[in-house]
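Q: Sequence:
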Amino acid sequence: MQERMFERVGGNKPLQCNVRIIAATHRNLETMISEDKFREDLYYRLNVFPIDSPALRQRKDDIPLLLQELNSRIQGDGVEGVRFTEQAIASLMEHEWAGNVRELSNLVERLTI
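The opening position of the sequence shown corresponds to residue 1 in the UniProt record's numbering, with each subsequent residue numbered one higher.
Derived from the structure by calculation, the hints contain no laboratory data. Only a predicted model underlies this, so the values are computations on that prediction, with no experimental measurement involved. One thing to keep in mind: the hints can contain errors.
What follows is a set of in silico ranges between Cβ atoms, one per label pair, in the way DEER data are often shown [to be verified]:
id, residue 1, residue 2, range
1, Q75, V9, 19 to 27 Å
2, I113, G11, 47 to 55 Å
3, I113, P50, 34 to 42 Å
4, L111, P50, 31 to 39 Å
5, V79, R102, 17 to 25 Å
6, T85, R20, 38 to 46 Å
7, V79, L46, 25 to 33 Å
8, E3, L111, 48 to 56 Å
9, A98, R20, 44 to 52 Å
10, K13, F49, 43 to 51 Å
Ideal placement from N, C-alpha and C gives every residue a C-beta, glycine not left out.
Kindly generate the complete structure, drawing on both the sequences and the hints.
A: Here it is in C-alpha cells:
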C-alpha cells in the first residue's frame, strides 16, 4: 500500500497503482489490536485521515433537517412528499435508530407508498 505497488494473486510482477482506500468499521480496532485480532501496522496505514461519523441516535437534533432532505429527494423523483407534524418529529427524535440514516430514509420512503 505504502509503495503504491501490488502483485496480482498468483503473479510475480509488481504493478503500480494510484488509488485511495476508504474503509469503515463499527468495531473498536484499538481494542482488537490489543487483543491481537487486528494488525497494528494495517491500522496505522488505514488511519491516515479518520472521519468519525456518530450514530444518528447521538445526533437526534439532525433528524428534522434529514427529514427535509429525504423528502426533497423523494419529491425530486416525482413523488409527493410527506408532511410531518411537530409531534411526529418529536416522536421520531425519541427513536433509537439502530439502522441510522438508512433506517430513517427507508421509513420516509415507505410513508410515500
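Q: Tell me the numbers of any earlier hints that the structure contravenes, in ascending order.
A: Structure breaks hints 1, 7, 9 and 10.
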